[in-house]
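Chemist: Using the sequences provided together with the hints, build the complete structure.
Residue numbers (our numbering), protein chains in the order written: chain A, 1 to 311; chain B, 312 to 622; chain C, 623 to 873; chain D, 874 to 1124.
Honestly, the hints are just simulated from the structure, not real lab data. From a predicted model like this one, the values you see are computed outputs, not experimental measurements. You may find that some hints are simply not true.
Unchecked claim - Cross-link-like lysine-lysine pairs, in silico, DSS-like; alpha carbons within 30 Å at most:
(1) B:Lys-414 / B:Lys-576
(2) B:Lys-523 / B:Lys-407
(3) D:Lys-999 / A:Lys-153
(4) C:Lys-748 / B:Lys-464
(5) A:Lys-96 / A:Lys-265
(6) B:Lys-576 / B:Lys-340
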Amino acid sequence: RHFERYFEDVIARDQRIEPRDWLPEAYRKTMIRQIAQHAHSEIIGMQPEGNWITRAPSLRRKAILLAKVQDEAGHGLYLYSAAETLGGDRDDLTEKLISGRQKYSSIFNYPTLSFADVGVIGWLVDGAAICNQVPLCRSSYGPYARAMIRICKEESFHQRQGYELLMTMMTGTEAQREMVQDAVNRYWWPSLMMFGPPDDDSPNTAQSMAWKIKRHTNDELRQRFVDMTVPQAEALGVTLPDPDLSWNADRGHYDFGAIDWDELKQVISGGGPCNTERVERRRAAHEDGAWVREAAAAHARKQQQRKEVAA
Amino acid sequence: RHFERYFEDVIARDQRIEPRDWLPEAYRKTMIRQIAQHAHSEIIGMQPEGNWITRAPSLRRKAILLAKVQDEAGHGLYLYSAAETLGGDRDDLTEKLISGRQKYSSIFNYPTLSFADVGVIGWLVDGAAICNQVPLCRSSYGPYARAMIRICKEESFHQRQGYELLMTMMTGTEAQREMVQDAVNRYWWPSLMMFGPPDDDSPNTAQSMAWKIKRHTNDELRQRFVDMTVPQAEALGVTLPDPDLSWNADRGHYDFGAIDWDELKQVISGGGPCNTERVERRRAAHEDGAWVREAAAAHARKQQQRKEVAA
Amino acid sequence: GDDLARYCLMLGDDALVLSHRLQQWCTRAPELEDEVAIANIGLDLLGQARLLLARAGKADGTGRGEDHYAYFRGEHEFRNVRLAEREQTDFAQLVATMLVLTTWRLAVFQRLRESADPVLAAIAQKGVHELTYHRDYAAQWVVRLGDGTETSRARTVAAFDDVWPLVAELFETHDVERRLRGVAVDPVEVRDEFDDVLTQVLSAATLETPQVRAKAGVAGGKGRDGRHTEAMGYLLAELQSVARAHPEATW
Amino acid sequence: GDDLARYCLMLGDDALVLSHRLQQWCTRAPELEDEVAIANIGLDLLGQARLLLARAGKADGTGRGEDHYAYFRGEHEFRNVRLAEREQTDFAQLVATMLVLTTWRLAVFQRLRESADPVLAAIAQKGVHELTYHRDYAAQWVVRLGDGTETSRARTVAAFDDVWPLVAELFETHDVERRLRGVAVDPVEVRDEFDDVLTQVLSAATLETPQVRAKAGVAGGKGRDGRHTEAMGYLLAELQSVARAHPEATW
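Modeler: As structure tokens, this is what we get:
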């Protein structure tokens, strides 16, 4: 009772729960799952961009991209560590990812089909991720909130780099401009879907908001993203593939067309263009690495034994 | 005694030994080894050229190259069949190849480094092979002689195609002409080595000539090749990388510089630029295919059983 | 017209890209007989591709040759179905892919012999003989592997599970096909025939038809619209590398 | 001068090409920590390559930028040692290759800090810190794998047997190095140091120095002369594919 009151108090006062604090089992589970899925998204998210590292058409862009993908691995590491503070186990979480029992952000189930995708992922996908994640910097769970502060900072940097790549490409050749427009055509709608189902079809939102794990509804964040992005698209000189997109002076927001939620469902449930490949790659890396991890463990045991013998 | 006399008689009259005929064990062994090594050469020889099929820069050249490499697989098949008529076993011979107990032509231990190599292999390597092989069409062993007739015919065709590719490249861009010259620089000396060690260092020549397995010495064939090739090089407009190359009116032949026999020895004994890769690829194909061959055998057994049950 | 050119590219790219995947098997087949057969099939498909790409250059009025289409188009301009570009990681995947694609293509080509375009009709006429052999080769291996050892059976089941999500795409009518009535074959029409053949072969192989969902396209497009898988870029990088490094050269 | 440019390409291409091989490990490492480390090393090497290629463009008087050298040279113009371009088929090969190449490069860079060319000296100064970390990372893994399980030991032995035929090439003095006395480092000078480090690491890993013969060059040339292995063409096809498809583009 006492602990529970303390927990509710911390939440109510917008303070943070720390690993040493008591917390309700449901909160712990929800939090581990949320952090793990976020970590999985960082790790799976390395694949679509990583696909272009070896082919990046300038050494400067190659370095930027490699650094970005490295950052994503780093984000995955922080987040798995945050999950570990709640008793999550990294191996167990990886197992859940590769067996399909835990999800990752559906956006990464789309293929990257040209180098422009690297820029568009930076601009739109990281942009949407930032909209989703900035409020998480005030998450009620301390280690997660702190990880998010660092991650958001790095992602803003990535987003600017993505936008800058697109700006450069748009002032390049006709073929480059077409590549950018094509990438925007492919990624616009999936980016809007990154905010999740519409509020009237989002069963977990209420509890998450009560616990201050979540601070805005899906539709609020989606609107914020659209409002932010439309002027950027204009500055870039690309057309967003939505004929219904227009400024609504009454609302003070952009209106936009209907989202194809069937597509989102198909992709979430495994029928997206790259679901199999993404999970398969992660599984292959994990399984191909098993003998290496075993060797490291065996060597550590031997070292330990040698130390004991010497002592 | 009677059989032996018949064998010697056939050889003496330049007729052919057939699978049903008696033959000395040493002849049989020598012949199996020679045919097998020739078969291995066809199969390993697919690799350096096969290396350029997927990258051939025109669809016509791609088709020509693919057909050529297919022919080489076909040659390998005839030759293994000829060896089988002497009691050789294909699996056993493959085993000897991938364990390094039987050799293949050392020329295939050099890498193909540009598309011009495809032309130069056709011109020089096939050219040298033809010089070596034309006399084998009169080999004392019937199945081998007949296989060689067919193979020589196809190889002449390949040689002309190779030369034609080089002709086209030499009338192309400066970069293409440089590619051809570079390929000639790399393949000229190894081609001369294809005729084997000099006569005074070739211990098996005497017996092979007595059995009419071989009809000309290494040095005779090498000279014939040089005499044939120099005018072709002139017509092509490439320089053969030998400053000592010059017409000797007295001999009625071209003189040429000293061959680096140490290089040949190094390559034959495993230290060539591609020995490991060539054998490794063949081994990998054989081992990766084991489950397929086992499946085919298992299926054949099942079919046989079904037939018996039905009968 | 442009539609005819586009249609020739569809059929031509299927052949070109599958042929490339077969070329990659060169020196890697399980037996020399298969080495010969796979090269042979690759060569037939390459021949079909050349005729079709050349026809595209006539049809679109540019007079561009086969090599222009093979070597100087970008990924989004290739019109092959996505199944053709898949990497085949083992022999079971190779024969499963070949069985599916050649059964489908044979059924299309049989009808294409009646095309109002005489060039297409002639290409189809020649292709039918080749494809019959290709299909039989693949079918024989599927039966041997499916009804072979436990290992081969497991690999074959996995191969078909892997291939199947890209099968539905083969039978989706493209606008180009719709507009070219009498010239093009509507692939919807060959679905039954395809299903019959597959059922028969799979049953001889003691296998079941896979129950897996179709793989979605991207922004409403699939291979026929130039929306490919991530494997395609690497395939083209290899295919086009020499030609692109020497754009002024003739070979 | 041209020799200086050539020397910069030698050292730059080693880094560029090895970095490419490390980039290919991205999303394939055994642990996330290694994912980060391998990307980090790849990034350091890429940084070294960029400085060196840019220096080549100054030295040869053409003013060409780093991208010219990376994307628009043919295979025979690349000057890296052949070991850098080898495909690493497992993690043991990766760390064996890294240990050999970074130990060698670190020893060269330590001396290069005294180069008469101030730009090379500065690049070396910065590189020494990076390479020390790279070498330690590789050495730690070699020890863990060699002194780990039976499987890891066998793979590590096989990896060094595979790498070793290309080690002799690293210590052959090239004419360019001979002519650039005081500017370039003669690699012969670092052989003892290399042997010491390798002996120490292999011994900690309970492994022996491989006894395998050196791999011959081609027509008297090796990597430094632009004579590469067959793996190099595929590597460049991938590396250069986008840049070559859009020669007029800026990125």
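Chemist: For each hint given before, does the structure comply? Return the numbers of the non-compliant ones in rising order.
Modeler: The structure breaks none of the hints.
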